[in-house]
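Start from the sequences, fold in the hints, and give me the full structure.
Next come the chains, spelled out residue by residue.
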Amino acid sequence: MSTRPRLRRSSVAFALLGAGAAGLALAALHAALSKAPGQARMEASAALVRTVGLTDLALFTEARYTRHPAMADLHAPFQDNPMSFEHFPSGTFAPLNRNFGRGTLGFDEAQVIR
Amino acid sequence: MTPAFRRQRALADYTLAALARRRGKNIGLVVIYALVVFVVASALLFSSALRHEADTVLAEAPELIVQNLAMGRHDMIKGDVIDDLAAIRGVTRVEGRLWGYFYDSVNGANYTLMVPLDPDRVLAPGEAMIGEGVPRVRGMFWETAPLFLSRYSGDLVRFDVVERISSESALVSTDLILLNEADFRDFFGLPGGVYTDIAVTVRNSREIETIMSKASALLPEARFITRDDISRTYQKLFSWREGIMVALAAAALLAFAIFAAEKASGLSAEEAREIGILKAVGWNMTDVIAMKLWEGALISAGAFLIGTLAGYLHVFTFQAGLFAPILKGWSVIYPDFALTPRFDGVQIAALFLITVLPYTAATLVPVWRVAAADPDQVMR
Numbered sequence: 001m002s003t004r005p006r007l008r009r010s011s012v013a014f015a016l017l018g019a020g021a022a023g024l025a026l027a028a029l030h031a032a033l034s035k036a037p038g039q040a041r042m043e044a045s046a047a048l049v050r051t052v053g054l055t056d057l058a059l060f061t062e063a064r065y066t067r068h069p070a071m072a073d074l075h076a077p078f079q080d081n082p083m084s085f086e087h088f089p090s091g092t093f094a095p096l097n098r099n100f101g102r103g104t105l106g107f108d109e110a111q112v113i114r
Numbered sequence: 001m002t003p004a005f006r007r008q009r010a011l012a013d014y015t016l017a018a019l020a021r022r023r024g025k026n027i028g029l030v031v032i033y034a035l036v037v038f039v040v041a042s043a044l045l046f047s048s049a050l051r052h053e054a055d056t057v058l059a060e061a062p063e064l065i066v067q068n069l070a071m072g073r074h075d076m077i078k079g080d081v082i083d084d085l086a087a088i089r090g091v092t093r094v095e096g097r098l099w100g101y102f103y104d105s106v107n108g109a110n111y112t113l114m115v116p117l118d119p120d121r122v123l124a125p126g127e128a129m130i131g132e133g134v135p136r137v138r139g140m141f142w143e144t145a146p147l148f149l150s151r152y153s154g155d156l157v158r159f160d161v162v163e164r165i166s167s168e169s170a171l172v173s174t175d176l177i178l179l180n181e182a183d184f185r186d187f188f189g190l191p192g193g194v195y196t197d198i199a200v201t202v203r204n205s206r207e208i209e210t211i212m213s214k215a216s217a218l219l220p221e222a223r224f225i226t227r228d229d230i231s232r233t234y235q236k237l238f239s240w241r242e243g244i245m246v247a248l249a250a251a252a253l254l255a256f257a258i259f260a261a262e263k264a265s266g267l268s269a270e271e272a273r274e275i276g277i278l279k280a281v282g283w284n285m286t287d288v289i290a291m292k293l294w295e296g297a298l299i300s301a302g303a304f305l306i307g308t309l310a311g312y313l314h315v316f317t318f319q320a321g322l323f324a325p326i327l328k329g330w331s332v333i334y335p336d337f338a339l340t341p342r343f344d345g346v347q348i349a350a351l352f353l354i355t356v357l358p359y360t361a362a363t364l365v366p367v368w369r370v371a372a373a374d375p376d377q378v379m380r
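Sequence lines, in order, name chains A and B. My numbering applies: residue 1 is where the first sequence begins, and numbers increase by one. My numbering applies: residue 1 is where the second sequence begins, and numbers increase by one.
Just so you know, the hints here were simulated from the structure itself, not pulled from any lab data. No residue lacks a Cβ here, since even glycine has one placed at the ideal position from N, Cα and C. A few of these clues could be false.
[Stated by the list, open to error] To give a feel for the contact side, a few chain B residues facing chain A, derived at Cβ under 8 Å:
{"id": "1", "residue": "ALA12"}
{"id": "2", "residue": "ALA17"}
{"id": "3", "residue": "GLU53"}
{"id": "4", "residue": "GLU63"}
{"id": "5", "residue": "ILE65"}
{"id": "6", "residue": "HIS74"}
{"id": "7", "residue": "MET114"}
{"id": "8", "residue": "LEU178"}
{"id": "9", "residue": "THR233"}
{"id": "10", "residue": "THR308"}
{"id": "11", "residue": "ILE333"}
{"id": "12", "residue": "PHE343"}
{"id": "13", "residue": "PHE352"}
[Unchecked claim] As a list, the in silico DSS-like pairs of lysine-lysine whose alpha-carbon atoms are at most 27 Å apart:
{"id": "14", "chain 1": "B", "residue 1": "LYS328", "chain 2": "B", "residue 2": "LYS214"}
{"id": "15", "chain 1": "A", "residue 1": "LYS35", "chain 2": "B", "residue 2": "LYS328"}
{"id": "16", "chain 1": "B", "residue 1": "LYS25", "chain 2": "A", "residue 2": "LYS35"}
{"id": "17", "chain 1": "B", "residue 1": "LYS78", "chain 2": "B", "residue 2": "LYS214"}
Written out as C-alpha cells, the structure reads:
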C-alpha cells in the first residue's frame, strides 16, 4: 500500500506567497514593457503643449482655478466663505497657493519714491 | 536541509495550523489589512503616475507667462508690451496668447477656446480643432460633424471641425477648441491688440530670473509665471499629502493602527494560555517568539502582496475607477485617459516598510511579555 505524502501547510503558504511575489514581478515587467509606448504618447502630448502653447492639464474643467491652476488668480484661504475652502470637489486636489511672500514689505526708500 | 531550516519550517507549519484554528478571524484580518494596503498603494501609484505625466508633458509649456493684473484679477494685456519684452537681452521670442472659457448652455460644460501659437498650426477662418471630450459631450457622432456654439439665445456660430485632437493627448486637450485668431476675437468681441497673456521664450533658461526682474521693472503691475512655477503647481497638486485619496487612506490607516495597537496591548486569554502550554511542554522563549514572528510575517506579507497587486491592477488596468468620482468632481468634461504604468521599486519598498514592519513589531511586544512569564501563572 502506498501512502501519498501529505502536502505540508508551509509548502502551500510559501507557494501562495511565491505566486504573489511573481505577480509583483509581472507588474514590474508590465510597467517596463509599457514604458516605450507610454513615453511616445506623452511626447505627442508634449508636442501639442509646445505648438499650441498650453500651460495646464485638462483634468478638472469646472472652474477657472481648477482648469488652469497654474494661471489662476492668487487667492487667500477662505476668501469666499469662512466655512469653505473651495466650491468644487476638485479643489481638494488644487491646494492653495502657499507662496504668501515674506510677510514684510521690506522695500527701500528708492522704491517708495518711484 | 540544514537543521535550522527544518526547525523554522516546522515552526511555520505550527503557526499555520494555529492560524487555521482561528480561520474566520485571521481571514478577516488579512482582508482588512490587504484593503488598507490596497488604498495606500492605489493612491501612491496613481499620484506618482500623474506627477510623472504632468512633469513630462508640461516640460514643453512656455518658459515664462506674463499676465496683466487689474484690481487683483487676471486681465487682458496690451500687445504693445510684446516689443518691450522682446527688447530684453536673452529673450528669443515673445507671443501673445489668446485663450478663454466658454460655458456651453446646451450641456453645462466649460470649454477652453484657444488660438494655437505655432504658425504651422494656424487654422483657416471658420475652422476649428477640437479635443476628444467635446464631441463626446455634444453627441457629435460622425467625424466631420460641424460644431455649433451659442453665446446667447438666438445666436449660433458654426465652426467646421478639421481635426479631432487624438485621444492620446486627452490629458491636456480634452476640452480644447482651437480657432483662428480673427474668429476668436470675433467670437468673444475682443478688440485687436490685446491678448489673454504673453508667452516669452528665452535663450538660456538659467537667465530666467534676470529676465524676469528686468521685465518686472518694465511692467511692475504684471504677474510672472515661469515654467518652474507651473511644474511646482502640479507637483504640489498631485503630492500625495494633498489628495483626498490619501485622506481616505489615512482614515483606513488610522483604523488599522487602532486595530494593531489593540493587538499590541495584550493577547487574548486563549492565546496566552496557548503560549503557557507551549512553554510547559518544553518550548523556550525563542521558539515562542519565532512562532509569533512567523505569524506576523505570514499575515503581513500576504496582505501586502494582495493589496499591492490589487492596487496596481486598479490604477493601471481599471483606470483607477474607485477614485474617478472624486477626480471628476463636478466637471461635465473629464478626459478619457489611461496612465502609463509605473512601478517604482523605492515606492514599493516604502509601502512595504510602512505597512508590514509596524504590524510585525506590534505583535511581538505582548508575546515577549507572556513568553517571559512563568507558564503556570500564564495558564492559570
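Tested hints:
A least Cβ separation of about 4 Å between ALA12 of chain B and chain A falls short of the 8 Å threshold, and the interface hint therefore holds. Residue-level restraint check for ALA17 of chain B holds (minimum Cβ-Cβ distance to chain A is 6 Å; threshold 8 Å). The restraint placing GLU53 of chain B at the interface with chain A holds, with a minimum CB-CB distance near 6 Å, inside the 8 Å limit. The beta carbon of GLU63 of chain B is not positioned within 8 Å of any beta carbon in chain A (closest approach about 11 Å), and the interface hint is therefore violated.
Residue-level restraint check for ILE65 of chain B holds (minimum Cβ-Cβ distance to chain A is 6 Å; threshold 8 Å). Using the Cβ-Cβ criterion of 8 Å, the hint placing HIS74 of chain B at the interface with chain A is satisfied: the shortest such distance is roughly 6 Å. For MET114 of chain B, the suggested interface contact is upheld, since its CB lies about 6 Å from the closest CB of chain A, less than 8 Å. Interface restraint check: LEU178 of chain B against chain A, minimum CB-CB distance 7 Å, threshold 8 Å, status holds.
Taking 8 Å as the C-beta cut-off, the interface hint given for THR233 of chain B holds, the closest approach to chain A being about 4 Å. Below 8 Å, beta-carbon pairs count as interface contacts, and THR308 of chain B has one with chain A at about 6 Å; its hint therefore holds. At about 5 Å, the closest approach between the beta carbon of ILE333 of chain B and any beta carbon in chain A falls short of 8 Å, and the interface hint on this residue holds. Evaluation of the PHE343 of chain B hint against chain A yields a held restraint, the C-beta minimum of about 4 Å falling below 8 Å.
Given hint, PHE352 of chain B at the interface with chain A, is violated; its Cβ is 10 Å from that chain's nearest Cβ, farther than 8 Å. This hinted pair does not check out: LYS328 of chain B and LYS214 of chain B have alpha carbons roughly 41 Å apart, beyond 27 Å. Taking the CA atoms of LYS35 of chain A and LYS328 of chain B, the gap is about 26 Å. The hint holds against a cut of 27 Å. For the given pair, LYS25 of chain B sits about 41 Å from LYS35 of chain A by alpha-carbon distance, which is inconsistent with the 27 Å threshold.
Pair hint LYS78 of chain B plus LYS214 of chain B holds up; C-alpha atoms about 18 Å apart against a cutoff of 27 Å.
The structure shown violates the earlier hints numbered 4, 13, 14 and 16.
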